[in-house]
Each structure stands twice: as C-alpha cells, then as structure tokens.
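So the sequence lines, in the order shown, correspond to chains A and B. Letter 129 of the first sequence, counting from 1, is numbered 129 in the working numbering, and no numbers are missing. Letter 59 of the second sequence, counting from 1, is numbered 59 in the working numbering, and no numbers are missing.
Source of the hints: derived by calculation from the structure; they are not laboratory data. A couple of the hints might just be wrong.
[Claimed, not checked] Distance ranges between label pairs, derived from CB positions:
hint, chain 1, residue 1, chain 2, residue 2, range
1, A, 207, B, 197, 54 to 64 Å
2, B, 33, A, 181, 38 to 48 Å
3, B, 138, A, 123, 42 to 52 Å
4, A, 19, B, 4, 18 to 28 Å
5, A, 68, B, 221, 38 to 48 Å
6, B, 178, A, 15, 42 to 52 Å
7, B, 163, A, 90, 19 to 29 Å
8, A, 68, B, 225, 46 to 56 Å
Because the structure is a prediction, the values reported are computed rather than measured. Virtual Cβ for every residue (Gly too), placed ideally from N, Cα, C.
Chain by chain, the residues:
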Amino acid sequence: MIQADSLRKSFAGRQVVDALTFSAVDGAITGLVGPNGSGKTTTLRLITGLLRLDEGRVAVDGIDSAQDPIGARRRLGALTDGLGNYPRLTTREHLRYYGELRGMPAAELDGRIRLLLDLFNMREIADRRAQGFSQGERMKLALARAIVNDPQNIVLDEPANGLDVGSARALRTLLERFRDAGKCVLLSSHLMAEVSAVCDTVVVVARGKVVAQGSPAELMRSSNARSLEEAFMELTA
Amino acid sequence: MKTPPWLVVFRKEVLDGLRDHRSLFSAMMFCWLGPLLVGLLWRQPTALALLPAFLMVTAFTGAMNIANDSMAGERERGSLEPLLMNPVPLSDLVFGKWLAICAFSLSGVLLTLLVALAVLYATPLNRSIHASALLWMLAVALPLVPLAAGVDLLICTFARTPKEGNSYLGVLLLAPMLTGMLAEFFPVRLQAAIAAVPLLGQQRMLSALTRGESPHVAWLALSGACAVLLGAGALAATTRLLRSEKVVFGR
C-alpha cells in the first residue's frame, strides 16, 4: 500500500505538487491521471524517493520513505518514463543485474528469472541483447526488471506510451494479474481509454492538486458525464 | 550468498565495457601508438623521453569511454533513474562503477608497458634502460589509475550527455599530455614538493627511469598517496553530485 500525505514540491519557485494526498491500496489498480504538466511524474518520483519532498510524507507498506529510503525501495518496483535498457546486455542479464542489486540469492533469482520470462512471454528474447528491441519488448523488459524481486507495490509512469495495440493489451493483462495477486499497482496516464479499461480507482490531478478521486463510474456520475474522458475534461477545466 | 552491490555493479560495467568493441579499439590505439613511436625514433637520444607522457595519457584514455558510458550514457538512455531506485546505497553504485573504470584504466597502462617491453627488445633501446625499469614505471603509474578513474567519472557525472562528456574529457587529456611534454622541456628538479603534485610527480619519476636512474622509493610513495587521495576526493564528489536532483534529472 502506498500512502501519499500532503506532498509538496516546487522547482525554481513553481509549485509543481501542492498538498497532494491520496492512497493506493493493495489488490487494486490506481490511476493517477491529469493533463500534461499536472505533476504526475513528479508525484511518482516523490513516491519512489528520487526527488526529495519539500513537505509531506510518503509511506510504502507503512515504511516512511524519508526515514528508511532503502527499506521503502525494497518494497517498490517502478517503471520509469524512459524505460532505460542497456543495449549491450541481454534480457536475462538485465534481470540478473537488477535481481542481484535487489539482494536476491542466486538460486532464488534463477527461478524468478524463468518465471518472469514465461509471464512476460520473453523466452525468445531471453538471450538477445536489448539493442534493436521493439518498444513493446523494451517496455516488457523494463517492467520485468522492475519487479524482479516480486515487490508488493508497483509504480508505472505512463506505461502505455508508444505501445501498439497488442503490447498494450499484453500490458493490461499483466497489470490485472498483479492486482489479482493482491499487489498495489499505481500508474500515471493521460490516456483515458487505458485508465477506464484497467483502473479500479482514479485520482485526478490538476496543477499539482487532487481535484477528484473515485472509481471511473463514480467520477462519471459525480460530473454527470457519459465517459471518463468527458468527466476528466470537466474536472480538470 | 548475497553479492555486495558494488561488486554487482562492477561486474556489469566490466561486461558492458568489454562488449563495446569500438570504444575498446579506440582506447587501445593510444596504448600501442606511443611505444611504437618511441621504437621508430630509437636513433634519437631523447626517444625514450616520450614514454612518460604516453603512459600517463593511457591511464586516462583507458578510463574515458567506460566512464562516459557508465554515467553520462546511463543518464542519456534513461537507465540512471531506474538504477537509482534500487535499494542500494548510492556510494555502492558509484564505487562499483569507479572500480570498473579503474580496471579499464589499468589495462591501458599494462598494455602500454607490454608494447614498450616488446619495443625495447626489438630495438637497441634496451641498451639505454633495463626491462626492470618498466616494472618501476608500473609502480609509478599505478596510482594514476584511481586518479584518472575518479576524475573521469566526476566529469562524466557533471556532463549531461556523452557528447558533452567527450568534449570535457578531451580537454582533461591535455593535463597528462602537456605535463608529460612540458616537463621534458622545462625539467623541474624532483623533490618532495614536486613529487606530491599529481601527474608532475609521476612525470619526473618516469622521466628519471627512462634515463636509467634508480627510483626514489619515499617520493614514489608520496606521489602515489597524493594521486590516490585526489582520486578518492573525486569519487566522493561524484557521490555528492549524484545526490543533486538537478544532476540526475538534467538542468
């Protein structure tokens, strides 16, 4: 479970995240949605501890990320906007590198790599170097690498960016599997179709503040909209 | 058994660096060019005086490509952010990278000395100095390895892209190159204060070895300690720089 409590962050005098409070619970997919520049990526970076909070508190499974950043990170797997693969390393080497960095014993890591290669349907590219991977393959590799130690919480920044229909569906299936396994999944997105298809709870952010939160159906009801997109436009206007 | 994070990073960087064949080839060119030039000029009485400059340069060129790829490159391809999200102290990540850079820098120095050894036996230059002098040269140049690795890493952490990193590293190369050459033209006398100046101290001692003089062990230790200290300072500064949000996320 991820709890964000009154998060504040400013850059060069500009308040990017302003008293933002929400929580993402276990066994659910929570979507952080907002227009470009609304502070979604900054919020995720505050949650993963890559940016320091000006004010507020982030707790990952109850662990305060400011007091015990390493403990919080151990319970968190994150997919960043840039994916960031190493072109000269194979899929298997990527998974091994991150598994070892995350302190997994060798025997356990071997089994986990086999499982992830199957789960992400990556057997064919297991021993291929990442150079020349398609966007879908790059995304799958980055996500598999992020959750190599089976963390309870999974954070994804715009995961569907640049994916074709097939890869986007595969991603959706994976996220639903994580939810069904009781994981806490938090993703940011500005694609309303993706959000309404996959998210159980939606947190709408505009100008660094939470303007609404609830299930897609609740948000549509409260703003008298026929679609989530309409509700989103209404709420962020 | 859990592998310490710095060792995990070290192994990955070495593997990644060894697969970058083009960079390896360009770094290796520096290693054989210098000694070969010395061999070609063997009739010149000052041919061996070129060796110190080339030896010092290869400590830096050996470190350059991997330092650039493992820091500025890491940021450019977007892999720095996920790397920093691992539950690992920042100092471990930096230390592992630095150690890998040291391995490549050391390989550069060793290869240069091996080619120098071959040149020594292929030419009458072996009448000027004994092969054992090359071992002493290794002892003098060895502390330049952590120094070059630390400074290269610091510069590549500051640089936003590998391209920017390359231009800074090119300027940095002037330090061993100019020290190596100018100190031959304006030979300052080796004394404790000179030995303590990184690069200059090494240059004066390497130069003395090329003239067949025996090494001054106390000054060798002093120059080594100063170079290693400066390298450690660069390592600490790199870790500090990486704590800056501006550096991690660009400026």
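So, going through the hints one by one against the coordinates:
no. : hint                         : in the structure
1   : 207(A) to 197(B): 54 to 64 Å : holds, 56 Å
2   : 33(B) to 181(A): 38 to 48 Å  : violated, 58 Å
3   : 138(B) to 123(A): 42 to 52 Å : holds, 48 Å
4   : 19(A) to 4(B): 18 to 28 Å    : violated, 41 Å
5   : 68(A) to 221(B): 38 to 48 Å  : holds, 43 Å
6   : 178(B) to 15(A): 42 to 52 Å  : holds, 49 Å
7   : 163(B) to 90(A): 19 to 29 Å  : holds, 27 Å
8   : 68(A) to 225(B): 46 to 56 Å  : violated, 38 Å
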